[in-house]
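The task is simple: from the sequences and hints, build the whole structure.
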Amino acid sequence: MTTFIVNNNNDSGVGSLRQAIADANAAIGSDTIEFDNSLSGQQITLTSGELQITDDLTINGLGADLLTVSGNNTDRVFLIDDEDGDIAIDVAFNGLTITQGNSDEGGGIRNRENLILTNSNIANNTGTGISNGGYSINSGSDLTVTNSSVTNNSSTGISHSYGSLAIRNSIVSDNLGWGIGSGNSGTEITQSTISGNGNGGIASGMTVLIMTDSAITDNTGSGFVGNRVNFEIDNSVISENTTTDSGGGIAGSYYFSGSISNSKITNNIADSDGDGDGNGGGVAGVPADILFTNTIIAGNFDNSPAGSEQYPDISGPGFGSNGYNFVGDVTGIRSYNPFTETGDLFGTSANPLSLSQIIEGTPGNDYLEGTAGMDRIAGGNGNDTLRGRGGIDVLLGEAGHDRLFGDGGENTLSGGVG
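If you use our numbering, the sequence shown corresponds to residues 43 to 460, in order.
Simulated from the structure, these hints should not be mistaken for lab results.
By construction, the Cβ of each residue, glycine as well, lies at the ideal position given by its N, Cα and C atoms.
Careful, some of the hints might be misleading.
[Claimed, not checked] FRET-style restraints, in silico, Cβ to Cβ:
id, residue 1, residue 2, range
1, T89, A68, 15 to 25 Å
2, T89, Q233, 37 to 47 Å
3, G240, S72, 34 to 44 Å
Listed below in structure tokens is the structure:
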């Protein structure tokens with residue numbers, strides 16, 4: 043293994059990044075490129091085309107806020123492709139900002155190999171065509187994004203097909219197209235945020251998707267759209283997404299099946315243009331097979347005009363409950379209402395449940411008191427006291443040493459792990 047040092051910000055020539063990549067491509071085995079500290083705070087601007095990587099390589103930058111590689115708004119920044127479909131090379135970027143790339147497929151990076159991106163920013167790139175934005179088609183390879191951001195690209199942020207896609211502790215935001223488009227792949231999203239994207243949050247097809255401890259928020263378009271997708275969502279938030287069609291939070295098409303647990307689907311909007319073409323502000327499935335556990339689906343909106351179907355929270359057939367869910371309005375379910383298991387609370391169009399009926403604690407020690415109506419009261423991690431005060435209530439102690447009092451009515455009390 044050889045380490046090559048970049049000591050100037052020239053486009054080409056001795057000591058340049060382009061020359062270091064050419065030398066690494068020619069060397070046998072896995073190599074590393076590092077940068078002299080004198081380049082801290084500087085930008086490398088490409089003036090003679092993209093940088094192509096054809097061999098195993100790690101590029102260690104000085105930090106995403108300290109070193110930038112720019113395509114000068116005329117060319118793609120990186121092409122990762124050894125032009126051998128039988129063997130995948132391994133490439134890693136760490137501590138870089140990749141910006142101002144411009145290409146028909148993958149303005150910032152077009153990747154055809156295995157790529158690990160860490161502590162980096164992919165921002166302000168332009169792409170046109172099928173596969174755009176921070177990445178393009180990742181054919182037959184794996185992509186891992188950790189502690190990084192993919193933002194403000196004039197297209198889809200991450201477009202990925204085949205292989206595995208992992209996004210960990212990262213932000214995909216404010217891209218003109220989708221935040222993430224994935225197909226024919228396995229997708230894992232952990233402790234990440236997908237927000238403010240122009241077409242929607244995540245679009246997946248023929249994919250297995252697992253998302254935990256993450257948020258899909260404030261996208262113009264559905265938060266999560268899937269066709270032929272198998273998924274698991276846990277401890278996540280899907281909120282404030284807006285679509286002119288069905289499923290502001292989640293829109294599932296054929297063979298769309300999975301589970302959602304310990305999550306919140308709130309304040310999403312379907313049929314935002316009010317033309318009557320859309321239902322299910324929170325969740326819409328046509329059909330779907332979704333099992334909910336300890337999940338809130340409430341406070342969503344269907345802006346369909348008066349006289350047409352208005353299903354603000356959930357619409358379609360094929361839903362199931364494993365208990366402890368809170369659903370504002372179940373009227374849009376086109377089969378039997380499944381939300382009758384232990385701990386489930388649900389409303390209808392005539393008597394909807396609102397988010398104000400959810401009372402949640404803090405990490406400290408709380409005293410939480412409900413109303414005379416139907417409430418869901420959940421403690422935090424401290425030592426909490428929960429009182430229902432009448433009505434049909436669900437009291438969840440969660441962690442800590444808790445005291446739960448139903449105080450009349452038909453109540454469900456769950457002590458949690460404390």
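Each hint tested on the structure:
The supplied range of 15 to 25 Å is met by T89 and A68, whose beta-carbon atoms lie about 22 Å from each other. Between T89 and Q233 the beta carbon distance is about 38 Å. The supplied range of 37 to 47 Å therefore holds. Between G240 and S72 the Cβ separation comes to about 38 Å, which falls inside the hinted range of 34 to 44 Å.
No hint from the list above goes unmet by this structure.
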